[in-house]
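Undergrad: These protein sequence lines map, in sequence, to chains A and B. Per UniProt numbering, residue 1 is the first one in the first sequence, and the count goes up by one each step. Per UniProt numbering, residue 1 is the first one in the second sequence, and the count goes up by one each step.
FYI, nobody ran anything at the bench for these hints, they're computed from the structure. Yeah, the Cβ is synthetic: ideal placement off N, Cα and C, and Gly gets one too. Some hints could be false.
Stated by the list, open to error - Here chain A is said to cover these stretches of chain B; the calculated rule only asks that three of the stretch's residues, wherever they fall, bring their Cβ under 8 angstroms from a Cβ of chain A:
| hint | stretch |
| --- | --- |
| 1 | 234–243 |
| 2 | 251–262 |
| 3 | 282–290 |
| 4 | 322–334 |
As the list claims (entries may be wrong) - Simulated restraints on C-beta separations:
| hint | chain 1 | residue 1 | chain 2 | residue 2 | range |
| --- | --- | --- | --- | --- | --- |
| 5 | A | S59 | B | N53 | 31 to 37 angstroms |
| 6 | A | S303 | B | E235 | 30 to 36 angstroms |
| 7 | B | L46 | A | Q214 | 30 to 36 angstroms |
| 8 | B | R325 | A | E224 | 55 to 61 angstroms |
| 9 | A | N53 | B | G275 | 27 to 33 angstroms |
| 10 | A | N311 | B | Q255 | 42 to 48 angstroms |
| 11 | A | R101 | B | P137 | 56 to 62 angstroms |
Protein chains: 2
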Amino acid sequence: MANSMKTAIFESARHMAVEEAPKPTVEQPDDAIIRVVRACVCGSDLWPFRGINQTEEHSENSGHEAIGIVEQVGDAITSVKPGDFVIAPFTHGCGRCRACRAGFDGSCMAHPDNFSMGAQGQYIRFQHAQWALVKVPGRPEDYSEGMLKSLLTLSDVMATGYHAAHTAQVKPGDAVIVLGDGAVGLCAIIAAKMMGAKRIISTSRHDDRRALAQEFGATDNVAERGEEGVAKLLEISDGGADAVLECVGTDASFQEAMSVARPGALIGRVGLPHGQQISGEGTFYQNVGVYGGPASVTTYDKSVLLDAVLNADINPGRVFTAEFRLDDIQAAYEAMDERKTIKSYLILD
Amino acid sequence: MANSMKTAIFESARHMAVEEAPKPTVEQPDDAIIRVVRACVCGSDLWPFRGINQTEEHSENSGHEAIGIVEQVGDAITSVKPGDFVIAPFTHGCGRCRACRAGFDGSCMAHPDNFSMGAQGQYIRFQHAQWALVKVPGRPEDYSEGMLKSLLTLSDVMATGYHAAHTAQVKPGDAVIVLGDGAVGLCAIIAAKMMGAKRIISTSRHDDRRALAQEFGATDNVAERGEEGVAKLLEISDGGADAVLECVGTDASFQEAMSVARPGALIGRVGLPHGQQISGEGTFYQNVGVYGGPASVTTYDKSVLLDAVLNADINPGRVFTAEFRLDDIQAAYEAMDERKTIKSYLILD
Numbered sequence: 001m002a003n004s005m006k007t008a009i010f011e012s013a014r015h016m017a018v019e020e021a022p023k024p025t026v027e028q029p030d031d032a033i034i035r036v037v038r039a040c041v042c043g044s045d046l047w048p049f050r051g052i053n054q055t056e057e058h059s060e061n062s063g064h065e066a067i068g069i070v071e072q073v074g075d076a077i078t079s080v081k082p083g084d085f086v087i088a089p090f091t092h093g094c095g096r097c098r099a100c101r102a103g104f105d106g107s108c109m110a111h112p113d114n115f116s117m118g119a120q121g122q123y124i125r126f127q128h129a130q131w132a133l134v135k136v137p138g139r140p141e142d143y144s145e146g147m148l149k150s151l152l153t154l155s156d157v158m159a160t161g162y163h164a165a166h167t168a169q170v171k172p173g174d175a176v177i178v179l180g181d182g183a184v185g186l187c188a189i190i191a192a193k194m195m196g197a198k199r200i201i202s203t204s205r206h207d208d209r210r211a212l213a214q215e216f217g218a219t220d221n222v223a224e225r226g227e228e229g230v231a232k233l234l235e236i237s238d239g240g241a242d243a244v245l246e247c248v249g250t251d252a253s254f255q256e257a258m259s260v261a262r263p264g265a266l267i268g269r270v271g272l273p274h275g276q277q278i279s280g281e282g283t284f285y286q287n288v289g290v291y292g293g294p295a296s297v298t299t300y301d302k303s304v305l306l307d308a309v310l311n312a313d314i315n316p317g318r319v320f321t322a323e324f325r326l327d328d329i330q331a332a333y334e335a336m337d338e339r340k341t342i343k344s345y346l347i348l349d
Numbered sequence: 001m002a003n004s005m006k007t008a009i010f011e012s013a014r015h016m017a018v019e020e021a022p023k024p025t026v027e028q029p030d031d032a033i034i035r036v037v038r039a040c041v042c043g044s045d046l047w048p049f050r051g052i053n054q055t056e057e058h059s060e061n062s063g064h065e066a067i068g069i070v071e072q073v074g075d076a077i078t079s080v081k082p083g084d085f086v087i088a089p090f091t092h093g094c095g096r097c098r099a100c101r102a103g104f105d106g107s108c109m110a111h112p113d114n115f116s117m118g119a120q121g122q123y124i125r126f127q128h129a130q131w132a133l134v135k136v137p138g139r140p141e142d143y144s145e146g147m148l149k150s151l152l153t154l155s156d157v158m159a160t161g162y163h164a165a166h167t168a169q170v171k172p173g174d175a176v177i178v179l180g181d182g183a184v185g186l187c188a189i190i191a192a193k194m195m196g197a198k199r200i201i202s203t204s205r206h207d208d209r210r211a212l213a214q215e216f217g218a219t220d221n222v223a224e225r226g227e228e229g230v231a232k233l234l235e236i237s238d239g240g241a242d243a244v245l246e247c248v249g250t251d252a253s254f255q256e257a258m259s260v261a262r263p264g265a266l267i268g269r270v271g272l273p274h275g276q277q278i279s280g281e282g283t284f285y286q287n288v289g290v291y292g293g294p295a296s297v298t299t300y301d302k303s304v305l306l307d308a309v310l311n312a313d314i315n316p317g318r319v320f321t322a323e324f325r326l327d328d329i330q331a332a333y334e335a336m337d338e339r340k341t342i343k344s345y346l347i348l349d
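With these hints in hand, go ahead and build the complete structure from the sequences.
TA: What follows is the structure, encoded as structure tokens:
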């Protein structure tokens with residue numbers, strides 16, 4: 001094993017690079033070093049790429065989604081061993097604190113360093129690996145590329161879409177509105193269908209995404225925005241949705257969510273918030289609830305999602321509509337930024 | 001029957017009066033006229049009394065809690081008849097719209113005029129009475145004064161406290177923090193206990209309220225406010241409550257609620273909001289949810305609370321610690337304003 005690896009680097013807004021870097025090593029007893037087999041670009045990676053988030057130049061890539069092979073583990077790790085095939089969630093819960101036990105490992109109370117970074121590279125150091133890593137049976141070569149894509153979504157977007165539906169407490173028979181037509185919004189449609197929603201209304205203006213929304217279970221689509229969009233959503237949902245899945249994170253999307261929720265509905269929000277303000281009065285009189293945050297990735301993978309993917313009950317990997325090599329990381333970001341692909345898939349050697 | 005009655009009038013900040021007014025009559029087919037037997041003063045009535053809410057001078061009293069005898073009904077009313085003893089909820093749900101069917105009659109979609117006014121008087125016109133009124137077996141004279149007090153709390157405060165616990169989704173074994181030591185906060189303690197909370201932490205600085213909180217089921221009390229209070233609440237709740245019942249409505253109380261909720265917890269808020277701002281970022285990373293609003297009074301009364309009161313399983317009427325006649329309405333408001341009583345009870349002739 002060489003001591004260096006290739007990894008993506010955030011050079012500056014609109015510029016990603018690939019360079020050699022030291023291969024990570026076990027630093028803590030509960031670390032695992034993972035050789036990345038497949039990774040990808042997240043909608044949240046576009047915030048620094050677009051220069052909206054202030055991010056240090058020439059710094060670690062914000063990638064946080066990977067599947068791979070365990071290469072080395074710290075002394076405290078007994079749950080996986082070198083050679084195991086694993087999903088590397090973006091969250092790193094302990095599985096034992098009160099938040100994790102309540103099913104909120106995305107906000108683990110034991111691990112302030114609860115999120116991944118640097119997954120767009122050949123190796124990652126995965127901190128707090130004991131409970132958080134999700135073991136997959138067999139080896140990557142046992143699976144089709146389509147199945148690998150679906151397994152990769154279990155590191156973030158499928159679990160995050162599921163979190164939106166779970167915190168919005170979607171029930172059988174519900175009318176559900178999904179705001180956002182990125183990979184998370186599309187996966188939220190899958191989740192709403194899994195939970196028995198009867199009517200699922202997507203909100204896409206792009207033909208490819210609308211088609212995939214329909215394939216995933218959307219029964220209606222509203223392409224209009226603003227007042228016209230709200231009016232149409234209220235009409236289709238008979239006065240407001242029983243659950244609103246907010247998968248964008250902007251204030252505009254959040255205000256729209258409040259406008260299309262029926263009284264007593266919950267908004268499950270999973271888009272990273274950018275300046276949302278929730279007025280106390282605005283939600284109070286309608287009894288509209290707001291719930292959600294970073295997803296419970298490990299909890300959902302182990303309890304529901306891994307089985308659903310392996311049984312081919314769901315096929316979230318369809319959100320990857322373009323494939324790239326690590327060396328083409330700039331093109332992978334650009335394709336997502338320009339909406340030429342829903343989500344960019346990275347194949348590592 | 002005379003055509004006039006005595007009723008309380010909001011004269012101006014700090015001044016309540018009693019005067020003769022026309023007795024209300026059936027105006028709509030779904031109206032019921034109720035002769036008020038017992039009424040009371042609500043914490044929310046103190047907002048105009050204190051001059052914080054801008055309220056028209058010499059206007060109808062904001063009272064919205066009563067028990068009484070049905071005097072007359074409109075043509076559409078088949079659920080009650082003259083002579084029936086009823087609880088008059090402050091909400092007026094239809095029982096049929098999607099919000100009511102989902103258990104949120106406090107935000108009924110069919111009735112924009114969903115709230116009561118004028119209950120501090122000899123008679124009230126109760127709009128949309130068909131589903132909303134709650135029939136009580138027998139006649140008022142069949143019950144002790146203590147039981148009448150408990151029945152009266154089912155028009156608002158007991159149901160509102162229950163709504164806080166219900167929307168915070170209190171579960172058996174939970175550690176629950178209750179913010180607010182008014183009648184609603186105290187009733188929220190009863191509700192948390194009904195739902196199986198193991199640890200219930202009240203936050204009173206007044207001996208009488210703290211004693212009643214304990215009687216109702218509080219296991220601990222934190223009298224401190226500000227940073228010291230938050231630190232103590234976090235310590236007692238082992239890092240944050242599983243559910244926070246916010247029964248005040250001020251921004252300070254709301255910010256405190258967010259500080260003492262464990263990750264993944266729900267805040268059930270029922271205090272009328274006064275300038276709350278919920279930061280999108282503030283609640284997101286902790287997965288803290290915010291739910292609540294006007295209570296589902298009729299739903300809870302018919303399903304749970306009336307039986308619990310009649311069986312003497314709960315005794316929420318204990319919040320009435322001073323009794324007044326309607327003519328003494330000014331004294332009834334002052335006693336609550338000065339915290340000489342937890343809640344002022346009005347006996348009508």
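Undergrad: Could one say that the CB atoms of L46/B and Q214/A fall in the range 30 to 36 angstroms?
TA: Violated, since L46/B and Q214/A (Cβ atoms, about 54 angstroms apart) do not stay within the stated range.
Undergrad: Is it true that R101/A and P137/B lie within 56 to 62 angstroms of each other by Cβ?
TA: violated (44 angstroms)
Undergrad: Would you say the C-beta atoms of R325/B and E224/A sit inside 55 to 61 angstroms of each other?
TA: Holds, at about 59 angstroms.
Undergrad: Test coverage of the stretch 282–290 of chain B by chain A using CB-CB distances below 8 angstroms; three residues minimum.
TA: holds (count 8)
Undergrad: Would you check chain A against the stretch 251–262 of chain B, counting CB to CB pairs closer than 8 angstroms, and say if three or more residues qualify?
TA: holds (count 3)
Undergrad: Given the hint of 31 to 37 angstroms, is the C-beta distance from S59/A to N53/B inside that range or not?
TA: At roughly 52 angstroms between Cβ atoms, N53/B and S59/A fall outside 31 to 37 angstroms, so the hint is violated.
Undergrad: Look at the Cβ atoms of N311/A and Q255/B and judge whether their distance stays inside 42 to 48 angstroms.
TA: holds (46 angstroms)
Undergrad: CB of N53/A to CB of G275/B, is that within 27 to 33 angstroms?
TA: holds (30 angstroms)
Undergrad: How does the coverage statement for the stretch 234–243 of chain B fare against chain A, requiring three or more residues with Cβ below 8 angstroms from a Cβ of that chain?
TA: holds (count 4)
Undergrad: Does the Cβ distance between S303/A and E235/B fall inside 30 to 36 angstroms?
TA: Roughly 32 angstroms apart at Cβ, these two residues keep to the hinted range, so it holds.
Undergrad: Three or more residues of the stretch 322–334 of chain B near chain A by CB distance under 8 angstroms?
TA: violated (count 0)
Of the numbered hints stated above, those contradicted by the structure are hints 4, 5, 7, 11, listed in ascending order.
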